[in-house]
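The lines below spell out each chain.
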Amino acid sequence: MIFSYNWLQSFFSKKLPKPEEIAEVLTIYSFEAKVLKETRFLSGTKDIVLDIDILPNRAHDCYSHLGIAREISALLSLNLNPPIGGLNSPKRSKTKNFKLKDRLEIDVKEPDLCRRYIAGAMTNVKVGPSPGWLEERLIAVGQKSVNNIVDAANYAMLETGQPLHVFDFDKVSGVQNQKSKKCIVVRRAKKGEKITSLDNNNFALDTDILVIADSREPLAIAGIKGGKKAEIDSKTKNIIIESANFEPTNIRLTSRKIGLVTGSSISFENEISPALAKAAMDRATALIQEIAGGEIIGERIDFYPKKFKSARIFFKPDDISKFLGISVSGKEIFSTLKKLGFEVKKSKENFIVSGPAERLDLSIKEDVGEEIARIRGYGKIPPKAPGGLLFPVPPNDKRRCENMIKNLLAAAGLSEVYNYSFAKAGEIEIENPIAADKKFLRANLLDGLKDNAGQNFRYFDEVKIFEMGKVFRRSGAGAKFGDMIEKNKLAGLTAYKAPKPAKEIFYETKGILENVISSLGISDYWFDDSPDTEEVKTERPMAMAEVKIGNESIGYINKDSFEIDLDKLILLASEEREFRPFSKYPAVIRDIAILVSPKTKISEVLDAIQNAGGELLMDVDLFDVYEREETGRARKSLAFHLIFQSNEKTLSDKEANALMEKIIKALEDKREWEVRR
Amino acid sequence: MSKKSQMDIFQSLRKDVFGALEEAADFDAILKIEAESLGKSGRLTNILKSLKDMPSAERLVIGSTANALKKEIEEKMKEKKEEIGKKIKTEADKAEWVDVSIPGKKIKRGHLHPISRILDETSAIFESMGFEMVEGPEAETEYYNFDALAIPKNHPARDMWDTFWLKEPKDQISLNDRSKLLLRTHTSPNQIRYMEKHQPPLRIIVPGRCFRYEATDATHDFQFYQLEGLMIGEKTNLAELKGAIELFFKLLFKDKNLQIRFRPGYFPFVEPGVEVDIKLSQSLEWLEIAGAGMVHPSVIKAVKLNPNQWQGFAFGMGLDRIAMLKYKINDIRLFYSGDLRFINQF
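Chain order of the listed sequences is A and B. Going letter by letter, the first sequence gives residues 1 to 677 in my numbering. Going letter by letter, the second sequence gives residues 1 to 346 in my numbering.
Keep in mind that the hints were calculated from the coordinates and are not lab data. Just so you know, not all the hints are guaranteed correct.
[Unchecked claim] Below, computed lysine-lysine pairings styled on PhoX-like, alpha-carbon distance capped at 20 Å: (1) B:K108 / A:K500; (2) A:K316 / A:K338; (3) A:K470 / B:K167; (4) A:K194 / A:K229.
Starting from the given sequences, assemble the full structure and let the hints guide the process.
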């Protein structure tokens, strides 16, 4: 909110420190503040405005010049004067025994939504321009001057924080059959009712909206905006001044619904104390009398069924000390709270305090603790090392695995990207998307990586990237929505700008993934053909294989990319390694070459060799694969090193030969397979 | 044989040997010359062998001449061997000389995202202070994100967190109000989630991705990372909050003279609430870096603990902002651009 330095000065007899110093003090002890600019008026006066970022819990009392002046008074120990022009010598209407109640009826139909309604009335006011000083203050804080009556109400609001409204008495429709008696009803709008605001906008009303009405129609949207009907104009002679307190939630909802935010609506939705209404009424009345003349008609009407009382807070100084971690004396508590306008009582060690009526943020001892701490200054609280027993932090295995995977991928040449969690398509839709291509939560990571590759091709010939992050999927019907939709995934992509054989890219990608999985200590992983299902066809049409650990599928691999379930992978990862003693006896190595059909999988051949080789076949190592034409058929040639070794003795040539024969026989049992001798 | 012809033999032997040595290019050639002249049946050896059959006067003259020649040849050979040795060494040296200034063989490695790096550094520091790292969901319920944290519906305080709401699929079982879904606007819901399941005393940090519905610019994005901290004990207090945060930032920025400052702040789930500013030792400016405070008794009550027994502090900081500061990154949107020109610098 914008504040005028001159206005703040008006509450103090002593000269205030420079605006920069005020801003500094407020920043450290109350609210972030800065000096905005200096304004010079035609009259020669100059003013300086400050922008003060009032914290929401102090919006109750500090959206006002008086509120900030009270802070300054407490922080700098300066005496605060009552607002100038207080009701020192009000002029009353000469008509004796004139009762306002005879001329005005106030009927609050919704006491829950309207907690207090003060109505005052004046006669013989003279509408005209505001005096220069008032106009200058309004201009300084960015407001427009309208006329002296409206300006006075506005001024009183900016000073006290209590919104006010003024109606033209004569334009208000009267009570039926009683022409001279006007009536103000605080009620819910009727369905179909409309109102034209002071600035000529039309609003359709409904029964959730509270209005200030006369006997016929709405005069104002309560707490938000006045209507045209009872507008103050140059001919206005008699006025009704409203100083009311409206329930915050209703104001907030109405303001949202009709799309209108005003200074008044902001004050009410932040909630203000009903105690403010009277002070503001006093101020506005005095100001109007000062600048527009007129006399007060009778006693004001005050509808105030439930009197507001500040909370009483009980505590001991030790409570505050324990909480803040510094020693706080009863004396410090007493003087600090007094400065802030608290009512303070003490019985022995116990304090019983209640905050000033305009402050609604003080209800528990922690609130008092905050006041003590900030007024002393957080800078005067020395930092301490956190105490108490230090428990050893259990290692976070998940995080360790994630870091290991990241480092393995980086070592393999992949860089890590972070993409937005939003996508143009997905399963979980955003109610209020921020952009057309971000209407959904992402259901996979790979789409994002593909986009990244396309963009990076402008600068790089090859793009190798990965991402670890959450995707959002819809859980099955009937399942509890909230818990089941998030999954941690890992996706990687190796893309080249220039064409490259698909197989080469595939084996590179596969190698990267295998390195990750095997480095996590997982050995029983394998790549299975993608199942021929609708789900696979629609969701991952490019998939070349399912990635499996044991019988569980953890994801899939495409020609140049993969996406796997990170949680499953980590769950299956065991870094428990076990040492296996190596044999003392030499190994015998034999080579074998086999011709098979191009569609035969290497895993089938490997299985056949291993089954036939038995325990003494320690390892099988594929070292050559090529395809060629042979007698008109396409054939695939595979060459393996077979390593035979025993833990008990040196294998003789004869024994190795016998094993080779067994393996060759097993391979030749298959049709289409041919061992080349 | 005459004395004269003997001397001629010496002359020609000397000439032959010295000539050959002059020609010799390697050790083998020298060894061959040695064998031919001084070896078992070398020319000079043979002369020396024949001395015993000569008359004594002649033996004396021929003998001394032969021995002198032998000495001369040996010396020349030694000289020659050294010369060749030197030559070979120089040649070897020449062949193995390496230009060490040539760049080594390039190993293509990938780069980790700067936020991953910051996350590692921050969690390592907090772990050393006894804080355990835990995680929570990114899609949250209204209850955990707001209500349980003393941010009721229709309260202006909610305006501090502009929220992305999720559409509820029609075929899901109907949900009560409490579990209306949104994208978490902060990591604070995990204060509740963790305390519901764990008894104090406790110390945790919760890093994670958060979302706010707001316009983007160089310092704001609708997606960002936050790090939440929570410590609850019987005496955990504001001075300790200050101590923990000060220590953390000093370690993170490796700056012993870093200063921190608390200013009044407001978050409904702490009381008092503070804004945390830091000033690096070479800097003149205070930078707003975190929000913190003492956990509000209503939060302690929300997880069914007794606020008269347990108290503590909580803090939250933007990891993007910290990464920007630490690595001098000028635009927050770079983090989520997938641009390798950016990522390859880390």
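Hints, verified against the model:
| no. | hint | in the structure |
| --- | --- | --- |
| 1 | B:K108 / A:K500 | holds (19 Å) |
| 2 | A:K316 / A:K338 | holds (16 Å) |
| 3 | A:K470 / B:K167 | holds (18 Å) |
| 4 | A:K194 / A:K229 | holds (12 Å) |
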